[in-house]
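Novice: Chain by chain, the residues run as shown.
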Amino acid sequence: MMQEEGTMPRKFNKKPEKKEKRKISTRKKTCRFCTDKELIIDYKLARQLGYFLAERGKIVPRRTTGNCVFHQLRIVEAISRARVLALLPYTVTHANL
Amino acid sequence: MNEYETIYIVKPDLSPDGLTKVKDKMTRIFGEHKASLLVEKDWGKRKLAYRLGKHNFGQYFYFNYQAPGSIVTDLERMLKFEEDVMRFLTVKLDENIHLKTESKLKKVTQAEDFKIVVDDARPVRHYRDDNRDNDDARGGNNA
Chain A
-12 MMQEEGTMPR
-2 KFNKKPEKKE
8 KRKISTRKKT
18 CRFCTDKELI
28 IDYKLARQLG
38 YFLAERGKIV
48 PRRTTGNCVF
58 HQLRIVEAIS
68 RARVLALLPY
78 TVTHANL
Chain B
3 MNEYETIYIV
13 KPDLSPDGLT
23 KVKDKMTRIF
33 GEHKASLLVE
43 KDWGKRKLAY
53 RLGKHNFGQY
63 FYFNYQAPGS
73 IVTDLERMLK
83 FEEDVMRFLT
93 VKLDENIHLK
103 TESKLKKVTQ
113 AEDFKIVVDD
123 ARPVRHYRDD
133 NRDNDDARGG
143 NNA
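Heads up: the protein sequence lines correspond to chains A and B, in order. So in the numbering used here, the last spot in the first sequence is 84, and the numbers never skip. So in the numbering used here, the last spot in the second sequence is 145, and the numbers never skip.
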């Protein structure tokens, strides 16, 4: 493209840098409740449910835990019940201050 | 007839008289609705994940029963007006038991036998020093 006088160049004549390809982990996560049918999701088992809470007390998303939709919804239900009974915290900020 | 379970949390410093008072009201409502109690458990005093009012501890009571659905409104009304009850939760476990030939305990109810530990639930951090917490528990036991 020819550049006219007095105008700014539209593009810098730079070669586009090649993007480094990220290494994507190929290991497929599987739902732990589908593989092990003995595991129970229950709002009374607060310690088990604590595994699905992040550091700040948020519920860990499905993409990190690898749960299926069916079991993730049950976990969400169980956690919200456990929170009512003060078995699990809503947030960590006002937990035992 | 459905199967329900109810848990309520009572203030940690409540006297034994106060505990029986709440329990009597529960049993009276069970009698009125002809409920059959399956499991009744005292979970004891445990640490709460967050403060309820000014309390860091609470006494948990667990009931598992089969009754018609009208019992839930009566129970929850009673627990709501009770001042010493801090929290309560009722969950339906099974429906239409009288239509089924076999009424066996579900897996959910059996899970109650697992040891439930609240004290070291993973995300809970203890900002208060432990001595003060112990004082709270001891004071409750003496009362």
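Since the hints were derived computationally from the structure, they do not count as laboratory data. Please read all numbers here as calculations on a predicted model, not as lab measurements. Positions of the beta carbon are idealized from the N, C-alpha and C atoms, including for glycine. Treat the hints with care, since some could be wrong.
As the list claims (entries may be wrong) - Here are the simulated DSSO-like cross-link-like pairs (lysine-lysine), alpha carbons at most 27 Å apart as the crow flies:
id : chain 1 : residue 1 : chain 2 : residue 2
1  : B       : K94       : A       : K24
2  : B       : K47       : B       : K94
3  : B       : K94       : A       : K45
4  : B       : K56       : B       : K43
5  : B       : K43       : A       : K45
6  : B       : K94       : B       : K56
7  : A       : K45       : B       : K36
Stated by the list, open to error - A few chain B residues that face chain A, going by a derived Cβ cut-off under 7 Å, partial list only:
id : residue
8  : Y6
9  : I9
10 : I31
11 : K47
12 : L50
13 : A51
What the hints assert, rightly or not - Quick look at which bits of chain B chain A covers, simulated, 3 or more residues with Cβ under 8 Å:
id : segment
14 : 34 to 42
15 : 75 to 86
Novice: State for each hint whether it applies.
Specialist: Results for each hint:
no., hint, result
1, B:K94 to A:K24, "holds, 22 Å"
2, B:K47 to B:K94, "holds, 25 Å"
3, B:K94 to A:K45, "holds, 26 Å"
4, B:K56 to B:K43, "holds, 25 Å"
5, B:K43 to A:K45, "violated, 30 Å"
6, B:K94 to B:K56, "violated, 31 Å"
7, A:K45 to B:K36, "violated, 42 Å"
8, Y6, "violated, 14 Å"
9, I9, "holds, 6 Å"
10, I31, "violated, 20 Å"
11, K47, "violated, 13 Å"
12, L50, "holds, 4 Å"
13, A51, "holds, 4 Å"
14, 34 to 42, "violated (count 0)"
15, 75 to 86, "violated (count 0)"
Checked against the numbered hints given earlier, the structure breaks hints 5, 6, 7, 8, 10, 11, 14 and 15 and satisfies all the rest.
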